[in-house]
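Colleague: With chain G held as given, fit chain V onto it using these hints.
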Amino acid sequence: MEKIDFNYRNKILTIVFAGILLFFTVIFSICVGVYTIPLFEVFNAIIYHILGNGGASNEIYSTIVWDIRIPRILTGMLIGMALATSGATYQGVFRNPLVSPFILGVSSGAAFGAALSIIYPVPYSVQISAFIFGMVAVFFAYSLAKVRGKTPLVTLLLAGVILGSLFNALVSIFQYMASVAQLKAIVFWLMGGLHHIGWTQFYTVVFLIPLGIILLMGYSWKLNILSLGDEEAKSLGINSERLKIILIIIATFITSISVSVAGIIGWVGLMIPHASRLIVGPDHRFLLPLSAIMGGIFLILCDTIARTITTGEVPLGIVTSILGAPYLIYLLRSKKTQFFGGD
Amino acid sequence: MIEVQNIYFGYDNRGNVLEEISFKVKKGELCAIFGPNGAGKSTLFKCIIGFLKPKRGDIYIEGKDITKMPIEDIAKLIAYVPQEHKPPFPYLLKEIVLMGRTPHLGGIFGPKKEDMEKTLEAMETIGISHLADRPYTELSGGQRQLALLARALIQETKAMVLDEPTSALDFKNQMIIWGTLRKLTKEGMSIIVSVHDPNHMLWFCDRVIILHNKRIIANGDPNDVLTEDVLKMLYGDICKIKEFDNSLKIVMPNMG
Chain G
241 MEKIDFNYRN
251 KILTIVFAGI
261 LLFFTVIFSI
271 CVGVYTIPLF
281 EVFNAIIYHI
291 LGNGGASNEI
301 YSTIVWDIRI
311 PRILTGMLIG
321 MALATSGATY
331 QGVFRNPLVS
341 PFILGVSSGA
351 AFGAALSIIY
361 PVPYSVQISA
371 FIFGMVAVFF
381 AYSLAKVRGK
391 TPLVTLLLAG
401 VILGSLFNAL
411 VSIFQYMASV
421 AQLKAIVFWL
431 MGGLHHIGWT
441 QFYTVVFLIP
451 LGIILLMGYS
461 WKLNILSLGD
471 EEAKSLGINS
481 ERLKIILIII
491 ATFITSISVS
501 VAGIIGWVGL
511 MIPHASRLIV
521 GPDHRFLLPL
531 SAIMGGIFLI
541 LCDTIARTIT
551 TGEVPLGIVT
561 SILGAPYLIY
571 LLRSKKTQFF
581 GGD
Chain V
36 MIEVQNIYFG
46 YDNRGNVLEE
56 ISFKVKKGEL
66 CAIFGPNGAG
76 KSTLFKCIIG
86 FLKPKRGDIY
96 IEGKDITKMP
106 IEDIAKLIAY
116 VPQEHKPPFP
126 YLLKEIVLMG
136 RTPHLGGIFG
146 PKKEDMEKTL
156 EAMETIGISH
166 LADRPYTELS
176 GGQRQLALLA
186 RALIQETKAM
196 VLDEPTSALD
206 FKNQMIIWGT
216 LRKLTKEGMS
226 IIVSVHDPNH
236 MLWFCDRVII
246 LHNKRIIANG
256 DPNDVLTEDV
266 LKMLYGDICK
276 IKEFDNSLKI
286 VMPNMG
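Residue numbers (my numbering), protein chains in the order written: chain G, 241 to 583; chain V, 36 to 291.
Bound conformation, chain G alone (with noise of 0.2 Å):
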């Protein structure tokens, strides 16, 4: 017999690779802004804060280090990595490699939701009502798409339009109502930025996004299985309507979590999955977690691109834009069966 294998070691290693390539964007990204920081006292102030000693810590690196660049960069990692990996799992549920947060208009469901918690606070509300809108907008863009039990692509990118511009028109509203404080707060944060990100930030991302990675991952085999259609995956002993339910909740609200800590950021959930599944092939038990680490990457990037650009800070959202844009272009130029033949 021919020797077949189905080469799990070489994407491991790949995963293991981009792993290690999380760990140095992350030191890099540390060590580079407005104050260059040399890598050695970077490692200082790390352990001066995690064991206690080693006081010889210079106090002005230690402060950019521990209380703005490493909560920034952690939240801004795992909200790169909640995007990417939200995105492949939409990908695979609605069989299409085009769909994403931003098209299902999740993200401006879950701004909507948190736009009305910036206007009526109430506490832990912005995460829960930018939740409870994602899901609101997923569930209309999945009805409103679905033909006689098919959601074919033109009718899910439409829905999300139609979807994207009615949340839109009322966050409008209350930038319109709100005063001035609370329309700064709704700019700023609809513009997608890690700005303002702290340890609070970071605290409320930290156990919920893996959580939500970990449960998806979990269900990646049956993923594979759901992407083949509806029919085969019955026929293989697949509850097909209640595992979509489940992973279309849980890439809501991880996209959610994230929408509601940094504002919308766009085309990492489109991008990135795309391009892990050019690297490790659509099997989603390493598509996933390969879109996570380079999800993470790209973000990271993008932020540190976002503040190092100028004087002052580009926002993240217009970042990730602008480099997204034209790959989005260069795929629908060069693989335009794959979008609309898929079927």
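Hints listed in this document are in silico derivations from the structure and should not be mistaken for laboratory results.
Among the clues, some could well be false.
Mimicking EDC-like on lysine to aspartate or glutamate, the simulated pairs with C-alpha atoms at most 16 Å apart in a straight line are [claimed, not checked]:
#, chain 1, residue 1, chain 2, residue 2
1, V, Lys284, V, Asp259
2, V, Lys59, V, Asp256
3, V, Lys88, G, Asp245
4, V, Lys90, V, Glu55
5, V, Lys81, G, Asp245
6, G, Lys386, G, Asp307
7, V, Lys59, V, Glu38
8, V, Lys153, G, Asp245
9, V, Lys61, V, Asp232
10, V, Lys121, G, Asp470
11, V, Lys81, G, Asp470
12, V, Lys249, V, Glu54
13, V, Lys62, V, Glu191
14, V, Lys111, V, Asp150
15, V, Lys193, V, Glu55
16, V, Lys61, V, Asp272
17, V, Lys218, V, Asp241
18, V, Lys59, V, Asp93
19, V, Lys88, V, Glu152
20, V, Lys193, V, Glu97
21, V, Lys147, G, Glu471
22, V, Lys148, G, Asp245
23, V, Lys62, V, Glu97
24, G, Lys251, V, Glu54
25, V, Lys121, V, Glu173
26, V, Lys275, V, Asp232
27, V, Lys121, G, Asp245
So the derived list for chain V, only partly shown, Cβ under 10 Å to chain G, looks like this [claimed, not checked]:
#, residue
28, Lys81
29, Phe86
30, Leu127
31, Thr137
32, Met151
33, Gly176
34, Leu237
The C-beta atom is built at its ideal place from N, Cα and C for all residues, glycine as well.
Modeller: Chain V only, in chain G's frame:
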């Protein structure tokens, strides 16, 4: 063994699509379902594999009533080979075949080494090992159909349902499929297959069930039940049956 007992099926409150359907496919029997387009073949299939719940009646596979069974358990009893189509993602052929192990996987981490070995065996049996590393989306319709058959094989069920498995294939691949199905029945599998070509049914199948106007109008050995009268009833006066050497029958079109 597959046993269908007096099932009725209809979508919503519209009229029935199937009425009074009863038949039995024994262990090791290759059974064809035959009937014009719209006769209810696909609906009957969907009932047998548990996608649709009949309004009335029971369906037993290996003596177990599947009408009250969750989909996870039905997939261990009966495999389904759908008509081939392109999935949106470029899985490799071997990955598609491996997915046939899903009903037997307990944990969350997916298939194990023995599942992969079964995949290699099944690809060897069907004769598609040389395509193992090709993206499924880039294969021909016939090759995809063979992959789906291999996938159903490693589901390791006692019964199998195939929806027009030879419609997209060239002649050689059609014969490969029929040969494989005959071999499987010899090993004790019960197989139901929908067929459009009456000759295939005469040549390869042990039993035929002919559907017409929601009901079964004939059930038995194809050589006995497939008569010119039946064909006339289904399709009008377009063909006749020729017999050679008192054994082999061929359905021929009426020419001129």
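Colleague: Would the pair V/Lys59 and V/Glu38 pass a check requiring their Cα atoms to be no farther apart than 16 Å?
Modeller: Given that 16 Å is the threshold and the Cα spacing comes to 4 Å, the pair holds.
Colleague: Regarding the pair V/Lys275 and V/Asp232, is the alpha-carbon distance no greater than 16 Å?
Modeller: With a Cα-Cα distance of about 14 Å, the restraint between V/Lys275 and V/Asp232 holds, given a limit of 16 Å.
Colleague: Take a quick look at whether V/Lys88 and V/Glu152 sit within 16 Å of each other, Cα to Cα.
Modeller: 35 Å, violated
Colleague: Is the Cα-Cα distance between V/Lys121 and G/Asp245 16 Å or less?
Modeller: Judged against 16 Å, a Cα distance of about 24 Å means the pair is violated.
Colleague: Is the Cα-Cα distance between V/Lys284 and V/Asp259 16 Å or less?
Modeller: Measuring from Cα to Cα gives roughly 11 Å; hence the hint holds.
Colleague: Sort out whether V/Asp272 lies within 16 Å of V/Lys61, counting only the CA atoms.
Modeller: 33 Å, violated
Colleague: Is V/Lys121 close enough to V/Glu173, meaning Cα to Cα at most 16 Å?
Modeller: The hint holds at about 9 Å.
Colleague: With 10 Å as the cut and Cβ atoms as the points, is V/Gly176 at the interface with chain G?
Modeller: 14 Å, violated
Colleague: Holds or violated: V/Lys90 and V/Glu55, Cα atoms, limit 16 Å.
Modeller: 11 Å, holds
Colleague: Hint check: V/Lys193 vs V/Glu97, CA-CA at most 16 Å. Holds or violated?
Modeller: Roughly 8 Å between the alpha carbons, so the hint for V/Lys193 and V/Glu97 holds.
Colleague: Please work out if V/Lys218 and V/Asp241 have their alpha carbons no farther apart than 16 Å.
Modeller: 13 Å, holds
Colleague: Need the status of pair V/Lys81, G/Asp245: alpha-carbon distance at most 16 Å?
Modeller: Not OK: V/Lys81 and G/Asp245 at ~35 Å, beyond 16 Å, violated.
Of the numbered hints given earlier, the model fails hints 3, 5, 6, 9, 15, 16, 19, 21, 24, 27, 33, 34; all others are met.
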